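S.K.: Since the structure of chain A is provided, determine the placement of chain B on it from the hints.
Chains A and B, in that order, give the protein sequences.
The working numbering applies: residue 2 is where the first sequence begins, and numbers increase by one.
The working numbering applies: residue 23 is where the second sequence begins, and numbers increase by one.
These aren't lab readings, by the way, just hints derived from the structure by calculation.
No experiment lies behind these values; they were computed from the predicted model shown.
Where hints are given, some of them may not hold.
What the hints assert, rightly or not - Think about it this way: if two alpha-carbon atoms lie no more than 25 Å apart in a straight line, the pair counts; the simulated SDA-like pairs of lysine to any residue are: (1) K192(A) to C412(A); (2) K560(A) to S57(B); (3) K60(B) to H148(A); (4) K60(B) to G529(A); (5) K144(B) to G20(A); (6) K227(A) to E106(B); (7) K144(B) to P542(A).
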Amino acid sequence: MKRNGEPEIRVGFYVCHCGHNIANTVDCAAVARYAATLPGVALARDYKYMCSDPGQELLRQDIQEHRLNRIIVASCSPLLHEHTFREATRKGGLNPFFFHMVNIREHAAWVHTDRREATAKAQALVHAAVRRVAHHQALQTKRAPIHPAVLVVGGGIAGIHAALTLADAGKQVFLVEREPSLGGHMARFDKTFPTLDCAACILTPKMSRVGSHPHITLWTYAEVAKVEGYVGNYEVTVRHKPRYVDASRCVGCQDCIKACIYKEPKFPDTFNAGLSKRKPVYLPFPQATPQVVVIDPETCIQVKTGKCKQTCLEACVDRRAIDFTQRETLERVTVGAIIVATGFKTFDASRAPAYGYGVYPNVYTALEVERLVNASGPTGGAIVLRDGRQPERVGIIHCVGSRDEKTNRWCSRVCCMYALKLAHLIKERTGAEVFNFYIDLRTPGKGYDEFYGQLLEEGVQFIRGRVGEVTDWAFMPEEEGHLVIRVEDTLAGYVRRIPVDMVVLAVGLEPQADAQAVRRLFNMSCGGEGFFLERHPKLAPVNTFTEGVFLAGCCQGPKDIPDTVAQAGAAAAEALVLLDRGYLEQEPNTAFVLEDCSGCKSCLPLCPYRAITIAPETERAVINEALCKGCGTCVASCPSGSIGQNLFTDQELFSEIEGLLAPAAAT
Amino acid sequence: MDSHAPPAPAPWTPRIVAFFCTWCTYTAADLAGVSRLKYAPNARVIRVMCSGRVDPQFVLEALAQGADGVLIGGCHPGDCHYVEGNHKLLRRFQLLQRLLTDLGLERERVRLEWISAAEGDKVRWAINDMVETLKPLGPLNLPGQQQAWDRELARRAENPEPAPDGPPPGPTAPIPSPL
Chain A
2 MKRNGEPEIR VGFYVCHCGH NIANTVDCAA VARYAATLPG VALARDYKYM CSDPGQELLR
62 QDIQEHRLNR IIVASCSPLL HEHTFREATR KGGLNPFFFH MVNIREHAAW VHTDRREATA
122 KAQALVHAAV RRVAHHQALQ TKRAPIHPAV LVVGGGIAGI HAALTLADAG KQVFLVEREP
182 SLGGHMARFD KTFPTLDCAA CILTPKMSRV GSHPHITLWT YAEVAKVEGY VGNYEVTVRH
242 KPRYVDASRC VGCQDCIKAC IYKEPKFPDT FNAGLSKRKP VYLPFPQATP QVVVIDPETC
302 IQVKTGKCKQ TCLEACVDRR AIDFTQRETL ERVTVGAIIV ATGFKTFDAS RAPAYGYGVY
362 PNVYTALEVE RLVNASGPTG GAIVLRDGRQ PERVGIIHCV GSRDEKTNRW CSRVCCMYAL
422 KLAHLIKERT GAEVFNFYID LRTPGKGYDE FYGQLLEEGV QFIRGRVGEV TDWAFMPEEE
482 GHLVIRVEDT LAGYVRRIPV DMVVLAVGLE PQADAQAVRR LFNMSCGGEG FFLERHPKLA
542 PVNTFTEGVF LAGCCQGPKD IPDTVAQAGA AAAEALVLLD RGYLEQEPNT AFVLEDCSGC
602 KSCLPLCPYR AITIAPETER AVINEALCKG CGTCVASCPS GSIGQNLFTD QELFSEIEGL
662 LAPAAAT
Chain B
23 MDSHAPPAPA PWTPRIVAFF CTWCTYTAAD LAGVSRLKYA PNARVIRVMC SGRVDPQFVL
83 EALAQGADGV LIGGCHPGDC HYVEGNHKLL RRFQLLQRLL TDLGLERERV RLEWISAAEG
143 DKVRWAINDM VETLKPLGPL NLPGQQQAWD RELARRAENP EPAPDGPPPG PTAPIPSPL
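Next up, chain A with everything else stripped away, as it sits in the complex (with noise of 0.2 Å):
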């Protein structure tokens, strides 16, 4: 095949085993036989795996040996190997966007069982590319610069560690939290399996090193209201909550809560998930950072009515740290990178009716059961009932919310291991004889399994059952008065009835409720339970599909602290790659406008980035490469074919068309 004033187009052509991934299902070998007669094609190989060293090396060697000009690898996707070989068909001496690749592993081998046709397929998306890429020109990758600061959205552990990495590498941190202090839900918890740390004093450290870190700008009580731009130069907007406080003349003194109108806590205390209460003005626990105090919208006199008699105002007179005139502000920042760690929000417990929460006073949910056995949670770290009794039988469920077709399917990774911890403690500070209702117990980390060994002979009970109800239905005398959990012990193959004081629910782990917004606002994707996508389940577990945009923490999917933490150190890490690197290649997909051009402008509103304009002098449209970020929208709608894309033109999508549906391929 020889092109006006082009050399001849010399195909070199690579069919890949991938091991039996491919060849199981597409015969290989007929795949490179077809491709041999293809006009253009030079060189037509099967190879075992072409993605390893000789693969790559093989390619490389025959570009120079048979003098070829174009490199078509059918193997997997090109969203995995793609950078692999043309990296390989740059080493070879050729520009890297001769290379096309071949999806016949995702797209065909693995989707299709029939051998004959899942071959058929692969010949005919195998004749496509060779129509393709007789067309494909020489590229060049174009540099764009990095602003060197991330934006952490959440102030979770995965956000403090994500930031203070970034921050203590010298880049410029940005870590905005939506509720007024960090910590997130590690805050409120006591003790961290399984090493029995005191959560606290392993996080407060950390929260007050971001506090006063000279790189990490804190914005609490703060959420992000939109992002523009791309990956190098994010736009972010955050809005500013009005706290009614100055967070830069607060000392944390609190003399404003003792000042209160309000003489009594009288509202639920959300921190201790309702177990306590608080005033309207309020610090939301003792290691708050910032220590600033902040006042409730919802409950203060003076914020609903005005009609205060401002008791708090008189109390801060000398710092003047509260404001009742404060409003919504927005902030704006330009950051290279984002890292989302926005986490996670607990099963809400009444959705599993037949467990009787918020029927029965003494079923707790663990989180409840958390901030009771906390030092300085709601009793001081003493377990006990709402009615002040101490429990002698605590029944911990397992699996709620979690792995049951009618809620989740998911398992929630921590619960197993935190039902462990909270038996442990419940049996250590109370002498309480504990039950734990399992269906398995998953206990896969160091030290994990040993800490369940531990747990049994400290002597805590283990049924194996989905437990069918909580009930105070007394059948018997010994029952009167307790809850009873009825359950099927699978292991003794009967149905049991234990009395209990107290149930606790080991709740799973689900999406926050404003996932999706949130999906929307950084334009990542949701995996079917809703936690936020990543790129590559096992390659890229920290990326999302769009450039620059990293997951860490349990907004990805349920997991514990260690993995959260290496999580947030790693999308910490991908984030400097980038910074450091400070510039980005792009890929030259972008659009251009040809001679062609009659000056109608009906492309100019269609292109989201206003990448095109129209030159004065020409009376053409004009587009801005820095701008266009290669959609083809333009392309495809530009009445007199004016516009091309490059690696997507008219004329490599048409011969895409034609060698798809060639005769040659046709079953």
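M.R.: Same frame as chain A, now just chain B:
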């Protein structure tokens, strides 16, 4: 039954050209692969950066080249990686579908699906469902029809006067398929 009879030719199944946007639907098709979902082998995918790149001419060309149907897959409205390329496609698609139905094509032959990167199962469903929808419609065979029209034109150029007892001229005359 005669055991020496030649094997029956494989029954006709539709050929579908699919245009998938790289960020959502193409990724979903990859996910279907990684999840080892099984679906009909009739659709062949062309990757574009955005469904907004799908020019109506691509659809017409695919049909003219012998496709029995065209499937376009893009991100859900509001989720487009390029803000609203999928909305731009939607406008074009509705016009195109009107044009095609006016030309006498069944509207099922051209189909648009919003499939997010997480919906591997929807890729399987969309392709299987389209194959099942196209089967009763039979082959479109535009290339064959075009050849027949060409031959008819050539015949009329040679014989300007149609035979008096021949079929009446005009576009409504049934033209036998040459294939």
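S.K.: A separate judgement is required for each hint: does it hold in the structure or not?
M.R.: Each hint, compared with the structure:
As the CA atoms of K192(A) and C412(A) are separated by approximately 22 Å, the hinted pair is consistent with the 25 Å bound. At roughly 22 Å between alpha-carbon atoms, K560(A) and S57(B) fall within 25 Å of each other, so this suggested pair holds. Between K60(B) and H148(A), the direct Cα distance comes to roughly 44 Å. Violation of the 25 Å bound is thereby established for this hinted pair. Between the alpha carbons of K60(B) and G529(A) the distance comes to roughly 19 Å, so the proposed pair stays at or under 25 Å and holds.
Simply put, K144(B) and G20(A) have alpha-carbon atoms about 28 Å apart, too far for the 25 Å limit, and the pair is violated. Pair hint K227(A) plus E106(B) holds up; C-alpha atoms about 16 Å apart against a cutoff of 25 Å. Using a Cα cut-off of 25 Å, the hinted pair K144(B) and P542(A) holds, with the two alpha carbons roughly 23 Å apart.
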